[in-house]
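A.B. asks: Chain by chain, the residues:
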Amino acid sequence: MDTTTTTAITATAAAAKRRPLKARDLAPYLFVSPFFLLFAIFGLFPLLFSIWLSVHEWDPAEGLQAMHFVGLENFRFILTDPWFHRAVGNTAWFALATALPQHLVALPLAAFIHEKIRRGRDLVVGAYFVPYITSSVAIALIFTTLLSRDYGAVNALLVELTRVPLLGSFMPGHPIDWLGDAHYAKPTVAFVVFWRYLGWNTVLYLSALQAISPDLNEAATLDGAGAVRRFLYVTVPLLRPMIYFAVTLSIIGSLQLFEEPFILVDIEQGVSQSVMTLAIFMYRLAFGEGDFGAASAVSWLVFLMIVVLTWLNARLFGREGRGE
Amino acid sequence: MALPALRGIAAMDSLARLNRRRFSAWLGAGLLGGAATARAQEERKTLVVASFPDLDRAALAARQQWSRLHPDVELKIVSLQIADHHTAMTTALATGAGLPDVMALDFRFVGKFAASGGLEDLAGPPYNGMALRDRFERYAFTQAINKKGALTTMPTDIGPGTLLYRKDLFDQSGVSEAALTASWDGFLAAGRKLKAATGAYLLGDAGDLRDILLRAGVRDGEGLYFDAEGHVLVESERFVHAFEMSAQAHRDGLDGRAQPWSNDWVAGLKHGHIATQLMGAWLTGHLRNWIAPDQSGLWRSAPLPGGAFASYGGSFYAIPKKSRHKQLAWDFIKLLCADREVQLQSLRVLDSFPALLEAQQDASMEAPIPYLGGQRARLMWRDIAAKVPAIPVNRYDAVATDVIRDAFEQVITEGVAVRQALRDARVLIEHRARWR
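Residue numbers (numbering that gives the first Met the number 0), protein chains in the order written: chain A, 0 to 323; chain B, 0 to 435.
By construction, these hints were calculated from the structure, which means they are not laboratory data. Mixed in with the good hints, there may be bad ones.
[Claimed, not checked] Quick list of the computed label-pair ranges, beta carbon to beta carbon:
no.	chain 1	residue 1	chain 2	residue 2	range
1	B	THR90	A	LEU46	17 to 23 Å
2	A	ALA39	B	ASP83	26 to 32 Å
3	B	GLU236	A	LEU166	49 to 55 Å
4	B	GLY271	A	ALA152	17 to 23 Å
Because the structure is a prediction, the values reported are computed rather than measured. Note that beta-carbon positions come from the ideal geometry of N, C-alpha and C, so glycine has one too.
Taking the hints into account, I'd like the entire structure generated from these sequences.
C.D. replies: If you want it as C-alpha cells, here you go:
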C-alpha cells in the first residue's frame, strides 16, 4: 500500500467520522432504549437505592427528607439482633430439610420416569409439575384447611387410624396443631416446600436425562451392569452439570424462601417466629416496623450469603462438574 | 395513459391537503375542547379519601351529606384491604406522591403514622381541632395526640372492650353471667365447667386473654408497653399476671389455639366450639352479618371480668401535609367525626361505636339488639367507654406487640419461665426501638 492510498483511506475515515449523525444512525439506540430505560428504573435504581438505604436510618412514613446517614450502624444492629440469628437458623434448617430431599427424590424419580414410563409420561410429569405453577393463595387455602387442628382432614384421618389394630397404637391420641404449634409448624412448612418444588427439579433432571445417549447405557448393560449401577456410574456422573445448576437454584431459592411460611402461618401468631426466614424477617422490618434501612442491610447480607454459598458450590463441583 | 395517473396524483394531493385542513380544524377543536374540559375539571374539585373495609362504608354512606355541603366537590373514595392500605399510605408518605386528601388509619397504625412528620397538626389554626376535644370520648382523643402534643388524627369510632359469650352454652354448664365475670379466676373456673359440660373452648386463643389483661391493668396516662419517658414496661407485674393467667388457661385446655379472623376461629364460633370472645363491641356486627348469622339471640355482651375496662381498636382520619385540598379535607373529617347524624349513620351501617359523645347520647343507644337477645348493650358499652383509661400510643407499639407475642409463645410451647421470657422481651424491645 503506497503512501497516497494510505492518506486517501485516512481522509475517508476522517470524513466519515466528521459526518454529522443522521436520525437513521440513532434508530438502533432508540429501538434498544426501552429495555435500558425499564432496567434503569425497575432494576438498577432499586438496587442502588437499597445500598443507599442500608447506610441510612429511614422511616418511610416520615418522607425522603427524614433520612439520616448512620454508616454501618444498620449492619451492626442486624448482626447483633436475636431475631436475625433465629432467621438465619430457620433459613438454614429449611434449606437442608427441603432442598436436600428434593434432589435425593427428584433424581431417582426422574430416572424412573425416563426409563419405565413410556405411555402417558407427559401426564405424569405434568402432575408432578402442577404444584410448582399453582397459585400461592390456592396452596394456602388447601393446606390450612387440610391441616386445621379441629376441622382438618389430616387429623380426621389420624383419628380414624387410631381404631386400626396395631397401627392405632402409633397414632397420636390428640389432634395435632400442625400450623399452630412451633414443634410441628416448621416440618409442616418444609413438607409443603418439598411438595411444591419436587416437580420442578424432576423436570430439570428429566430434560438432562433425555440428552444422554442411550448407547452408553446399552454398553453398560452389555458389560453386565444392573439398573442401580447404571444409575450410579453412568447416569449420575453425566448429570453433574445439571445437578450443579439445580443445586445452585436451590441454594438461591432457599435463602430467599418467603411465600410458603408466610402464607401458611399467620404473621400475627406467636408461632410465626418458628418459621421466620431471612426474607420474612426483612419484610417484617420494612413493612411491620418501618425500618427500611435495617431491612436493606439484611438484603445485602443475604446477597453476600448467596454469593459465598454459590461460590462454594461451584468449587465443590469443579470445572468438569459444571460442564465447562 | 399518463394523464389519468397525473389526475389521480393531483386528486390525492388535494385530498391530502383537505385532510390536513380538516385534521388541523379537528386538532384545534380538540385542543380547545380539552382546555375547556380541563377548566371544568379544575372548577369541579375532587376530594380523594383513602380508606379500608368496612370503614369505607361509613364514608360512602356520608356521600349524600357531603354533596349537600359541597355540591361542587366530587368525593372519590379509594379502598384497599387494611394491610395493603397502610402499606400504600406508608409508600405515599415516603415518596410524597399519590397521597390522598384524607387518610383513614386503624388504631394499630396510629402511633407509627402520628410519629411521622407527614401529617397535618390539626390542633391549631386553621383547623382548631383541640376545640373539639370535649366532644369526644376522652381516651380516643388522647390516642389521637402524638408524643410531641400534635393532634395528627381525629377519632371516628371506638371499640369499648366487652365479653361476648354464648348464653345457651353457659346455661347448659350451669354458669351465670355473674359467676363468669366476677373475677379472672372465676372466668377460668367457668371455662373449666363449660369444657366439662359442653366440650366447648372458653377462648379462641389464650393470646386474647393475654392481650385484654395487659390492657386491663393500665393506669390512666401510662402507655401499654412504654412509659412517658420511653422506658419499656414489659417486666411489670401487669405483664407477669397477664402471662401467668393466660398460660394457665392454655395448660387447662381452655383455648382452641384459633387466632382471631383465622379460618379455625370463624369455624369455631360458627359451630359453637368457642363460647366467648373478648373484643371490641363492634364484633357483634361481624357475628351478626357473616360469622354466625344463625345464632341470633344466643349471644350476650357482658363487662370484662374482674371489673376491667379496656378498648379494642378504633378508627381515625388524618390529613397528609401534601394534601391538595386541606380545608375541604378538614370539612370532610369534621362531617365524619363530629357530625352527630353522620356518626349515628355509621353506627347503623357498620355497627361501629361512635367516638362522638353527642352521638352516644342518642335515643337509639337504648334500642334493644335482637342478636344479643334483646339486650340494651349499647348503654353498657357507653359506660365502659367512659371508664377506659387514656393510653398514649408509641411508634414502637407494633414492634413491642410482636416481641410480646413471641415471648408468650415461648412460655406456652417451650416452657420458658414467665419472668425470664419477659426479661428477654425487654432486652429485645430496647434493642429494636433503637431510634426512640
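A.B. asks: Decide, hint by hint, whether the structure agrees.
C.D. replies: Now the hints, each set against the structure:
1. Taking 17 to 23 Å as the suggested C-beta distance range, the pair THR90(B) and LEU46(A) conforms, at roughly 18 Å.
2. Separated by about 27 Å at the C-beta atoms, ALA39(A) and ASP83(B) satisfy the suggested range of 26 to 32 Å.
3. Our hint of 49 to 55 Å for GLU236(B) and LEU166(A) holds, since their Cβ atoms are close to 50 Å apart.
4. In this structure, GLY271(B) and ALA152(A) meet the distance hint of 17 to 23 Å, their C-beta atoms being roughly 21 Å apart.
Comparing the model with each numbered hint stated earlier shows that all of them hold.
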